[in-house]
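**Q** Listed here are the chains, written in short residue letters.
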Amino acid sequence: MLRRSFLAALAATALAAGATPAAAQETVKIGLIIPLTGPFTTTGKQLEAAAKLYMEQNGTTVAGKKIELIVRDDAGRAENTARIAGELIQNDKVSFLAGFGLTPLAMATAPIATNSKVPMVVMMAGTSIITERSPYIVRTSFTLGQSAVIIADWAAQNKIKKVVTLVTDYAPGHDAEKSFVDQFKSKGGEIVESLRVPIQNPDFAPFLQRVIDAKPDALYVFTPSGVGAILMKQFVERGLDKSGIRLIGPGDITDDDVLPGFGDAAVGVVTAHNYSTDHPSAKNKEYVAAFRKANAGMRPNFASVGGYDGIHLIYEALKKTGGKTDGDALLAAMKGLKWESPRGPISIDPETRDIVQTIYIRRVEKKNGELYNVEFASFPDVKDPVKAAKK
Amino acid sequence: MNALETIGLEKRFGGIVPTNDVNLKVQEGARHALIGPNGAGKTTLINLLTGVLKPSKGRVKLGNSDITDLSPHRRVSLGMARTFQINQLFADLSPIEAITLVIGEREKLGANFWRAFGSDEKIVSETKAIARQFGLADVLHERTASLPYGKQRQLEIALAIAAKPRVLLLDEPAAGVPEAERHEILETVAALPKDVTVLLIEHDMDIVFGFADRISVLVDGKLFVEGEPKEIENDPRVRAVYLGERTDD
Amino acid sequence: MSSLDTAKDASNVMTRKRSWHWLEYAFWLAAAASVFLLPSQHALLTQIAIWSLFALSLDLLLGYAGIVSLGHAAYFGFGAYVAALFAINFTGEPVTGLLVAGVAAGLLGLVTSLLVLRGTDLTRLMVTLGIALVMYEIANQMSWLTGGADGLTGMPVNPVLGFFPIYFRQANSYAYVLVVLFVLFVVAKRIVHSPFGYSLRAIKGNPLRASSIGIPNNPRLIAVYTIAAAYAGIAGALLAQTTPVVSLTYIDFQRSADVLLMLIIGGTGYLYGGIIGSALFLVAQKFIGNITPQYWEFWIGFALVVIALFARDRGLFSIVERIAAWRKRGAKP
Amino acid sequence: MTEILRIMNLRAGYGEAVVLPDLSLMVERGQSLALLGRNGMGKTTLVNSIVGVTRRFSGRIMLDGNDITSLRPDQRAHAGIGWVPQERNIFKSLTVTENLTAVATPGKWDAGRVFQMFPRLGERRNNLGDQLSGGEQQMLAVGRALVLNPKLLLLDEPLEGLAPIIVDELLAALRRIIAEEKLSAILVEQNAQKILSVTDRAAILERGAIVHEAASAELRKQPRVLENYLGVGKAKRA
Amino acid sequence: MLTILFDGIAYGMLLFVISCGLAVTLGLMNFVNLAHGAFAMLGGYCAYVLVNLYGVPFFASLPVAFMFAAMIGLLAERTLYVHFYNRSHLEQVLFTIGLVFMTSAAVDYFLGSQQRFINLPSYLQGRFDFFGIGIGKYRLLIILVCALILIVLQLILGYTRFGSRLRAAVDDQRVARGLGINVNWVFALTFAVGCGLAGLGGALGAEILSLEPHFPLKFMIYFLIVVSVGGTSSITGPFLASILLGIGDVAGKYYAPRYGGFVIYTIMIVVLVLRPQGLFARGTSK
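Those protein sequence lines, which keep their order, are chains A, S, P, F and V.
First residue of the first sequence: 1, per the working numbering; consecutive thereafter.
First residue of the second sequence: 1, per the working numbering; consecutive thereafter.
First residue of the third sequence: 1, per the working numbering; consecutive thereafter.
First residue of the fourth sequence: 1, per the working numbering; consecutive thereafter.
First residue of the fifth sequence: 1, per the working numbering; consecutive thereafter.
Any given hint could be a false lead.
Taking lysine-lysine and the DSS-like style, the derived pairs with C-alpha atoms no more than 27 angstroms apart in a straight line are [said to hold, decoys possible]:
1. F:K108 - F:K92
2. S:K122 - S:K230
3. P:K189 - S:K222
4. P:K17 - P:K189
5. P:K189 - S:K108
6. F:K221 - F:K151
7. A:K383 - A:K293
8. A:K187 - A:K215
9. A:K366 - A:K242
10. A:K383 - A:K338
11. A:K215 - V:K218
12. A:K383 - A:K366
13. A:K366 - V:K218
14. A:K66 - A:K283
15. A:K52 - A:K65
16. A:K335 - A:K324
17. S:K61 - P:K189
18. F:K151 - S:K230
19. P:K189 - S:K122
20. A:K293 - A:K283
21. A:K242 - V:K218
22. A:K366 - A:K338
I should point out that these hints are in silico values taken from the structure, not numbers from a laboratory.
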């Protein structure tokens, strides 16, 4: 009896609590949906910090409109991302959706963007296909293929003949494997063995043992960003570095955010990526200094520039439309935009709405007692190779 | 005609033999009591009879059917029911629900997941009759866990009776019942339907001699003596066991 | 007592538990009204309704049969994938999809139930957890079929029964989910108040006694496990139909753990626990999350500890009941 | 103060079941009491209630003038209760010596003295508890209670299930402890004749109440009384 | 081959040190303590803060990590856990999961969500060859420390009065109380030591398992597997289970990398279905 009355009261409060005040008209709102809890927290934190930094540096008024950033946590779950995106559009009247830490999170939101004609800026997720899921998607991060293909090119040019690939056994890993293997083979390289590691895998020892047995020139690795460190430590621990096997891969594995904790194990690892904290440009030096100052010394990583440039893209598009928030107009404004980012010159491909950027080859080195990805070669104007191949 | 019979029944746990070559015959319609000092193996024996334990050797027969390999619930459907020395009740159900449940299972309606529980008036009137018989009419809808101990004890027996057994095993029905509520239990036991064969396990000699027409004495896992109450009462060997004048071989 | 003298009256007392209290009517009316009155919260309400159904399925297992599971997402996820693949390959009609998903998940439940019959709570926790982990791994490895970590997209969602469109119709979609929840709730209520349902309570309460009054424990447990798995599968299918992507998170450990938490918060064994628990959990997650997107987990954790400290098996209700009891005692010294 | 134990209106049992409805009992210092009665009459419950491992509904228990009613079992043990449980309950994963040292408190009884009294135990001092015979286990159980250096020793069916030779050996030891050391004790037994030879006084328990109390020597001469309360046959109540 | 074995043992040993405390709470006190991993994490972060931020030598940080986790464990036991001993398992689950959420969020708040590694002295890095077996120095250290702990545990359990009191309390709680053993206190101390060991394991294992705020949930499954497969009636059960799990996991992934992810879960299900009390539990319980 009592139980039931409580139930009714509760249901009533639960429902009533839902109502939120209607949005004010003079402001343009950006909904930033990122994982801030769960296993992908670090990505979310980088994105949030970068987005806030940009707004702090460039003011919150664009084309006469006040810009407001609404941050929401989706805990890395697609159903939450989709729900929050819907709520932000419907209840908060946001004019932009942004964030998206993982592929399924972006995929779940794509139809919502299409349906509501709200531009959706993908700041992190890296699977090629995402931008094809909605004409309202623009990407400011990178695609996995960009780094995977470039590192394959670089390897083929640098006397690496035999490679073992080792990727985490999940879809992005499979993509990273495929992009690399196809490209490397087409350049005459040989893949000795392709290993896949379960997602829940605290110990790489058995896989590395197989690598030792296979004696390749290089080990190509792709794992979710945090996991790379463990792998590298174990790589060094088993003396693979001294046996002449080089460790190469997309830049995710030497994530600048975590790199300082890797220890000397990581020194010498060669990766290809779109951004390094160490990128030697004035713009980047200023960016890094400001970012570290605002975030208790935290280093900006490749996720952060996706967020930083994503907000820049939104600002520039608004300037071009004169503050109008019509989705189609904004998209038209975004297509083909070019600018100088902390990572170097970048642009939005007018056809694919995907990012075009320089991919750098970097080697992990110690500078002033800290580890950095030091760039030593660059491949400019790299488009997403997967889409390029489709043409 | 034997209602219940064991043939060379034996149970071993490692080196211990709590049941050792027991050949027990319980006549149809009998009021049979099983007594014996602590540790004689009474509980093991009842667990073997009801199928909670599997014997190491020997057979158990219920009427004419060999039930040695049947699971406990199959034995119930063949007509064997039991009570427990320590109450084994459904704390969250009320007496009426528990009894109705037993009758429903007996009538093979237990797997029905669509009709409302307690909607069959025939079953419910039988439930009510049993409840009245066991003095539970005034607590029909209370939660079992909140009943006084004596009522719980009554319910313990009522549940077994509701299964309409041909053979009923009563394991110390009066254990732990306060003096004030004892006579109710005793009356209940005495008033059990005559066509039901009863095997009673009991320490309380008041109950044993007030009830049983035949007594078996179990000592160290073996059947020691069997006979009419008078014979047992005057058997010097039994006396020795009970008064501590044991002079075992 | 005189009113209880006839069998009919006694029977009424028992069957009354199955009939509806006016507050229950009020609850469902309020839920129905929310379709029209709370358009801004439809997305959240839809999620709550789906989690409610999922928690309800676990309640059938835990609250009535006493089987604790830390891997119930196995059936939820399986149902979701089956529904999505069925829609992609055969028909996008949602109700058909639900039925197919329910049957498929039920079958999986039937097979795996054999593994959870024996053992203690801990063994069951671990075995169910193991089943879910293996299912997760399978879904991940079969990425050619399931999309793996990238998720499975492109599932068509046609109008329900051919006339009631739910794709991108927030209100319709919520109404659809709510109707499914309601129908399955009514069925569950019938089940738990049937002789079968009572035999489950008996097995949960005292398996030894249950078998000694003639209840075949194992077949009954297998049956309820199958039903619960089918319910979970339907819940998964609902989420698949209302979210544009099915991904590995449908089947992960976090989901199994969350549904268990929701159910315990709301309380087990009276069917509304899962609904209340999931509503509280998700509303708290959303609104604390809006205030502190990074650290809402701390406050949820804090709430769990407090609830656990003061609540009993009935979850939050026991706190209310205890306060009420205390006030009653205070009222008449 | 001559009494070592006084139980006042104790009502106790397990869970919901009341086994002892209202029991009062007194044991004098240096006195030993035989507690007799058939199975299931509440003897063990009484002992367990003194130890503190039953549920107490009401009543009070005083030990040596101190109220121990609200003490935990381990505190009661330190207050001076030495317990030989009914099933002996030797700690099976402890050696004989460890069984003694784990619970010992300083005093005149220590492991060495126990081994003096039961040489067989001394020989098996490094064996694990579950490798002992029934008699050895019983000796160990008694020894384990003694090394607590208790004010009151509670022995619950110490002779149960033992071979006759062992019974005699144990009885001799008990006689020494009780008669020579003047240790206060309560002995629960079904085996009346044997135990009456060791104790000063006897009480017969029936359905949770004391129905007869007498000096042991006196009771031994009254086989009819014993038969009445302990034997098989319909109790003919006075 | 032997290298694989070596790696497996090191991994298993680590699992053992972290999980043995859980075996105590779960098996001996019948308490479902899902927050056990949180104590391991606290120990790990304690060592991290000391070594990386304050430059304390690595070896000095290990005992501190142990003490830190043990003290927190004792505090939590006396103030919070003690209220849950006689509650249902579900309430224990609710309570301990709540604790996990709180510690995870708190660690995230104070120390950030990045993965953390403890700076190891250089002489612990790399490895050497020993008759063809590649021996990682750090893994060797783990094996040595864990073996030492195992021996010390066995000694304490086997040859101290506390050890025999603990075994007595486990054998028969009721009689132990009745014979003057303060079982509550014995269990509280044991709980603290278990937490301390978890903390030590967390510090030692940071290098292999890596520290992050979600550590307790991420590895909870592994600890539970160790305890449920090993049974909880002795130290040797979980120890053997850990070693078996370590070797099985490592070897399974080496020889059948495609199915490596299934191996341990399948082993666990099979073991539990066949032997619900655990693989190494004594035949009879109670």
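**Q** Work down the list of hints and note, for each, if the structure agrees.
**A** Each hint, compared with the structure:
This hinted pair checks out: K108 of chain F and K92 of chain F have alpha carbons roughly 26 angstroms apart, not beyond 27 angstroms. About 44 angstroms separates the Cα atoms of K122 of chain S and K230 of chain S, which puts this hinted pair outside 27 angstroms; it is violated. For a cut-off of 27 angstroms, the pair hint linking K189 of chain P to K222 of chain S is broken: about 52 angstroms separates their Cα positions. Restraint check for K17 of chain P and K189 of chain P: satisfied, since their Cα atoms lie roughly 10 angstroms apart, inside the 27 angstroms limit.
Under the criterion of a C-alpha separation no larger than 27 angstroms, the hint pairing K189 of chain P with K108 of chain S is consistent with the structure, at around 22 angstroms. Simply put, K221 of chain F and K151 of chain F have alpha-carbon atoms about 30 angstroms apart, too far for the 27 angstroms limit, and the pair is violated. Taken as a hint, the K383 of chain A and K293 of chain A pair is broken in the structure, with Cα atoms around 33 angstroms apart against an allowance of 27 angstroms. Our distance criterion of 27 angstroms between C-alpha atoms is met by K187 of chain A and K215 of chain A, whose separation comes to about 20 angstroms.
A threshold of 27 angstroms between alpha carbons decides the hint, and for K366 of chain A with K242 of chain A the separation of about 18 angstroms falls inside it, so the pair holds. Between K383 of chain A and K338 of chain A, the direct Cα distance comes to roughly 14 angstroms. Compliance with the 27 angstroms bound is thereby established for this hinted pair. Annotation: proposed proximity of K215 of chain A to K218 of chain V is violated, straight-line Cα distance about 33 angstroms (limit 27 angstroms). Taken as a hint, the K383 of chain A and K366 of chain A pair is broken in the structure, with Cα atoms around 31 angstroms apart against an allowance of 27 angstroms.
Straight-line distance between C-alpha atoms of K366 of chain A and K218 of chain V comes to about 32 angstroms, which puts the hinted pair past the 27 angstroms bound. Restraint check: the Cα-Cα separation between K66 of chain A and K283 of chain A comes to about 26 angstroms, which is no more than 27 angstroms; the hinted pair holds. Restraint check: the Cα-Cα separation between K52 of chain A and K65 of chain A comes to about 17 angstroms, which is no more than 27 angstroms; the hinted pair holds. Proposed proximity of K335 of chain A and K324 of chain A is supported: the alpha carbons are some 16 angstroms apart, at most 27 angstroms.
Restraint check for K61 of chain S and K189 of chain P: not satisfied, since their Cα atoms lie roughly 42 angstroms apart, outside the 27 angstroms limit. Between K151 of chain F and K230 of chain S, the direct Cα distance comes to roughly 46 angstroms. Violation of the 27 angstroms bound is thereby established for this hinted pair. At most 27 angstroms may separate the alpha-carbon atoms for a hinted pair to count; K189 of chain P and K122 of chain S meet this at roughly 23 angstroms. A C-alpha spacing of about 16 angstroms is found between K293 of chain A and K283 of chain A, which places the hinted pair at or below 27 angstroms, so the restraint holds.
Among the hinted pairs, K242 of chain A with K218 of chain V is inconsistent with the structure: their alpha-carbon atoms are about 32 angstroms apart, more than 27 angstroms. With a CA separation close to 33 angstroms, the supplied pair K366 of chain A and K338 of chain A exceeds the 27 angstroms bound.
This entry does not satisfy hints 2, 3, 6, 7, 11, 12, 13, 17, 18, 21, 22, going by the numbered hints stated previously.
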